[in-house]
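Visitor: Sequence:
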Amino acid sequence: MEDALDHAVWTALITRQSGFALGQQGARRFRPDVAPFAAARDDSPESLAALGDLMADGETDVYLLQRTEIVLPATLTAPMTAPGVQMVKRRAGDAPALREEIVRLTAANIPDMRALIDLTRPGPFRARTVELGDYFGIRVGGRLAAMAGERLKLPGFTEVSAVCTHPDFRGRGFGAALTVFAGRRIEARGETPFLHTYASNAGAIRLYEKLGYEVRCGVHVAVLAKPAQDA
Numbered sequence: 001m002e003d004a005l006d007h008a009v010w011t012a013l014i015t016r017q018s019g020f021a022l023g024q025q026g027a028r029r030f031r032p033d034v035a036p037f038a039a040a041r042d043d044s045p046e047s048l049a050a051l052g053d054l055m056a057d058g059e060t061d062v063y064l065l066q067r068t069e070i071v072l073p074a075t076l077t078a079p080m081t082a083p084g085v086q087m088v089k090r091r092a093g094d095a096p097a098l099r100e101e102i103v104r105l106t107a108a109n110i111p112d113m114r115a116l117i118d119l120t121r122p123g124p125f126r127a128r129t130v131e132l133g134d135y136f137g138i139r140v141g142g143r144l145a146a147m148a149g150e151r152l153k154l155p156g157f158t159e160v161s162a163v164c165t166h167p168d169f170r171g172r173g174f175g176a177a178l179t180v181f182a183g184r185r186i187e188a189r190g191e192t193p194f195l196h197t198y199a200s201n202a203g204a205i206r207l208y209e210k211l212g213y214e215v216r217c218g219v220h221v222a223v224l225a226k227p228a229q230d231a
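Residue 116 in full-length UniProt numbering sits at position 116 of the sequence shown; the count goes up by one each step and never skips.
Just so you know, the hints here were simulated from the structure itself, not pulled from any lab data.
Here a beta-carbon is modelled for each residue, glycine too, at the ideal position from N, C-alpha and C.
Do not take every clue at face value.
Stated by the list, open to error - Pair by pair, the computed Cβ-Cβ distance ranges are:
no. : residue 1 : residue 2 : range
1   : S44       : M1        : 38 to 48 Å
2   : S18       : P227      : 25 to 35 Å
3   : P227      : E187      : 23 to 33 Å
4   : G218      : A127      : 25 to 35 Å
5   : D134      : M80       : 26 to 36 Å
6   : G171      : P111      : 20 to 30 Å
7   : N201      : E59       : 25 to 35 Å
8   : A92       : H220      : 48 to 58 Å
9   : T75       : T106      : 32 to 42 Å
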């Protein structure tokens, strides 16, 4: 069952999140205002050509995220690539005690969420990303101090994502508490939480290990661009 996590973006786009998908059998992507992720079904010439066709001339910032090595069609470039890790919840983790309340975030909170995302840069977040799942936050003095939520969803699994804390409030366990909170809600639905982070982010990996996550595999991350065609 975990094999689907090797190609989590593709699996999400053809199953639980197909309603957010653009594309056909060979390649799909999320609607650009929802999430920047795309995936080809496989490395066949037909699938890779379909991936290239999903991007407009001159378009940038479309992400690939997968376990297998990334292969691109000639029509696309990858200005940025990086190794990442995929982690899966394997055991119970300890949540730090909080005095602050964890609250549900909705579309009305998007300005605050975008401001925190832009400041801390935990990963890509678009105007409608909040529609992919539940998001939660901690406010201190009316300010959004930290947040976390759900992103990719595939049968039996939901990804914890957008875990971030404002620099003014770091060291108080907010990120850990929100990760545990989001994960427990996922588990209550009978699903397994998983997440991604860059392989270079040793601090985040150590934190997630303390919270019960284990590295399942390495993943490849690429940010794609499609050069504009000469007139």
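Visitor: Which numbered hints turn out to be false for this structure?
Guide: Violated hints (numbers, rising): 1, 3 and 8; every other hint is consistent with the structure.
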